[in-house]
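Student: Fit chain F to the given chain Y structure using the hints.
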Amino acid sequence: MIKPLKQSVQDYLEPYSLSDDQLNRLESLSEQHKSVKRHRVSIYPLAMVGAVAVFLFVFFLTPYLQVQSGIQEKIAMEVVANHIKLKPLEIETSSIEEIRRYFKKLDFVPASSQLVSQLGLELVGGRYCSLQGNIAAQLRVRKPGTNGVQTLYQTEYRKNVFEDMPTLEDGDKPIEIYVKGVKVIIWVEKGLLFALTDITDM
Amino acid sequence: MSKDDFFDRTELNNLYRYGYTLCGNQDDAYDLLQYALEKYLLKPAGGANASDISYVQTTMRNRFIDGYRKSRRYPEDEYDDSLVSIDKKTLEDVVVEQLDLEIVWKDLNIMEREVLYYWAIQGMTAQEIAEQLDVPRGTVLSRLYRIRKKFGSTTDIDELSGGRGS
Chain Y
0 MIKPLKQSVQ DYLEPYSLSD DQLNRLESLS EQHKSVKRHR VSIYPLAMVG
50 AVAVFLFVFF LTPYLQVQSG IQEKIAMEVV ANHIKLKPLE IETSSIEEIR
100 RYFKKLDFVP ASSQLVSQLG LELVGGRYCS LQGNIAAQLR VRKPGTNGVQ
150 TLYQTEYRKN VFEDMPTLED GDKPIEIYVK GVKVIIWVEK GLLFALTDIT
200 DM
Chain F
0 MSKDDFFDRT ELNNLYRYGY TLCGNQDDAY DLLQYALEKY LLKPAGGANA
50 SDISYVQTTM RNRFIDGYRK SRRYPEDEYD DSLVSIDKKT LEDVVVEQLD
100 LEIVWKDLNI MEREVLYYWA IQGMTAQEIA EQLDVPRGTV LSRLYRIRKK
150 FGSTTDIDEL SGGRGS
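Same order as they appear, the protein sequences are chains Y and F. Residues in the first sequence are numbered from 0 upward in steps of one, following numbering that gives the first Met the number 0. Residues in the second sequence are numbered from 0 upward in steps of one, following numbering that gives the first Met the number 0.
If we strip away everything but chain Y, and leave its shape as in the complex, we get (with noise of 0.2 Å):
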């Protein structure tokens, strides 16, 4: 029989069809697939949120806080590492007049502190040293009547070094960090960075 190619196109192809089970399984993809949409459109936006608070934190905040807390952390280390030794003084005296006579090669002038001086601590000596690779002043102070000793740095306050730290003038309060279970306390005063172990445990 002779028929339009389209028509002879269209009935060859007509007896190729999927069976009853194979309509059912392709059907039930579909079924399949709102389950699994449920899930994932109520996950999706919650995903989307939490990628980005996580973005955010890593890309804006850590790195802030990380710098922060790095500085702090390092300048109590090396204090408390340094106290910990407890080298021999260089000069021993209770005057700040004869540490800053002493105290010719620093950059900066050694200065007496209001927190010091209200915690009811004397001066005892002191050494050369360094703070983060700056040059400094470990001087030793304890409370008169005592023998234990606590240290306290004092250097040039470089805020491209030391970041934003509290200054008392400002009113801000003191920073007080723990490393190696000694307390230390750091602050800025009269343009200088002040480092003190904690007097508590004297």
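Calculated from the structure, these hints are not laboratory results. Note that CB positions come from ideal geometry on N, CA and C, so glycine has one too. Among these hints, one or two may not hold up.
The calculated label-pair distances, taken between Cβ atoms and stated as ranges, are [to be verified]: (1) Y/6 / F/25: 18 to 24 Å; (2) Y/20 / F/67: 26 to 32 Å; (3) Y/55 / F/135: 45 to 51 Å; (4) Y/20 / F/61: 26 to 32 Å; (5) Y/20 / F/124: 34 to 40 Å; (6) F/102 / Y/46: 56 to 62 Å; (7) Y/11 / F/66: 39 to 45 Å; (8) F/25 / Y/55: 51 to 57 Å; (9) Y/20 / F/53: 24 to 30 Å; (10) Y/51 / F/66: 37 to 43 Å; (11) Y/6 / F/24: 52 to 58 Å; (12) Y/46 / F/135: 42 to 48 Å; (13) F/42 / Y/46: 16 to 22 Å; (14) F/124 / Y/51: 46 to 52 Å.
Residues on chain Y that point at chain F, a partial pick, calculated with CB under 7 Å [what the hints assert, rightly or not]: (15) 3; (16) 4; (17) 5; (18) 7; (19) 8; (20) 9; (21) 11; (22) 12; (23) 17; (24) 22; (25) 28; (26) 29; (27) 32; (28) 95.
Tutor: Okay, now just chain F, sitting in the frame of chain Y:
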């Protein structure tokens, strides 16, 4: 059509026939269709510009070509620029015995069978087929011309159609 509606059985059968047109084998056609439907269901909403059926067909075709390229069985396309002026109704006036179609069908290459499917089953024009296959319209016309020649060599179209097929 939204994914919630999925495809009806007529559409699924037509997609299956498209798979058979490509593969020439019913088992392979089913596998191809299942693969494409799974991919369609997993794609993000609005991820494709083409219609849903077109998306599935394109997926089937790409999958088929990937598989057959590996076995070097996919034919090289031949394109003759001189054929772009062929009338787009080049097959409309062809008449054929059903038995002859079945004989010629086996002689057609994959690309020719595919064009024949879109033309006969989906009623597409040469331009629409070209857009669906992402090939120049002239390439489709070239394939249509070769199809016509193959039917002309096994059946005397001119005689059967009273000269309409020339």
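Student: Taking the hints in turn, state whether each one holds.
Tutor: Going through the hints against the structure:
Remark: the range hint 18 to 24 Å for residue 6 of chain Y to residue 25 of chain F is upheld by a beta-carbon distance near 22 Å. For residue 20 of chain Y and residue 67 of chain F, the hinted distance range of 26 to 32 Å is satisfied, since their beta carbons lie about 27 Å from each other. Distance hint check for residue 55 of chain Y and residue 135 of chain F: the Cβ-Cβ separation is about 49 Å, which falls inside the suggested range of 45 to 51 Å. Checked against the hint of 26 to 32 Å, the C-beta distance between residue 20 of chain Y and residue 61 of chain F comes to roughly 27 Å, which is consistent with it.
Hint check: residue 20 of chain Y to residue 124 of chain F, Cβ distance near 36 Å, so the stated range 34 to 40 Å holds. The given range of 56 to 62 Å is respected by residue 102 of chain F and residue 46 of chain Y, whose C-beta atoms sit roughly 57 Å from each other. Here the CB-CB span from residue 11 of chain Y to residue 66 of chain F is close to 24 Å, at odds with the stated 39 to 45 Å. For the hinted restraint 51 to 57 Å between residue 25 of chain F and residue 55 of chain Y, the CB-CB distance of approximately 55 Å keeps it satisfied.
Taken as a hint, the range 24 to 30 Å holds for the pair residue 20 of chain Y and residue 53 of chain F, whose Cβ atoms sit roughly 27 Å apart. One distance hint, 37 to 43 Å for the beta-carbon pair residue 51 of chain Y and residue 66 of chain F, holds here, with the actual separation near 40 Å. A C-beta distance of roughly 24 Å is found between residue 6 of chain Y and residue 24 of chain F, which places it outside the suggested range of 52 to 58 Å. Distance hint for residue 46 of chain Y and residue 135 of chain F: a CB-CB separation of about 43 Å, consistent with the stated range 42 to 48 Å.
With their beta carbons about 18 Å apart, residue 42 of chain F and residue 46 of chain Y fall inside the hinted range of 16 to 22 Å. Under the hint 46 to 52 Å, the C-beta atoms of residue 124 of chain F and residue 51 of chain Y, about 47 Å apart, fit the expected range. Interface hint at residue 3 of chain Y: satisfied, since its Cβ lies 5 Å from the closest Cβ of chain F, which is below the 7 Å cut-off. The criterion of a C-beta within 7 Å of any C-beta in chain F is met by residue 4 of chain Y, whose closest approach is roughly 4 Å, and the hint holds.
Residue-level restraint check for residue 5 of chain Y holds (minimum Cβ-Cβ distance to chain F is 5 Å; threshold 7 Å). About 4 Å separates the beta-carbon of residue 7 of chain Y from the nearest beta-carbon of chain F, less than 7 Å, and the hint is met. Because the smallest distance between the Cβ of residue 8 of chain Y and any Cβ of chain F comes to about 4 Å, under 7 Å, the interface hint for this residue holds. With its C-beta approaching chain F no nearer than about 6 Å, residue 9 of chain Y sits inside the 7 Å limit, and its interface hint holds.
For residue 11 of chain Y, the suggested interface contact is upheld, since its CB lies about 6 Å from the closest CB of chain F, less than 7 Å. The closest approach between the C-beta of residue 12 of chain Y and any C-beta of chain F is roughly 5 Å, which is under the 7 Å cut-off, so the hint is satisfied. Here the hint on residue 17 of chain Y is kept, as its CB sits about 5 Å from the closest CB of chain F, short of 7 Å. A cut of 7 Å between beta carbons decides the hint on residue 22 of chain Y: the least distance to chain F is about 6 Å, and the hint holds.
Taken as an interface hint, residue 28 of chain Y checks out: its beta carbon lies about 6 Å from the nearest beta carbon of chain F, inside 7 Å. For residue 29 of chain Y, the interface hint holds, since its Cβ comes within 7 Å of a Cβ in chain F; the closest pair sits about 4 Å apart. Nearest Cβ of chain F to the Cβ of residue 32 of chain Y: about 4 Å, under the 7 Å cut. The hint holds. Residue-level restraint check for residue 95 of chain Y is violated (minimum Cβ-Cβ distance to chain F is 72 Å; threshold 7 Å).
Hint check: violations occur at hints 7, 11, 28; the rest are consistent with the structure.
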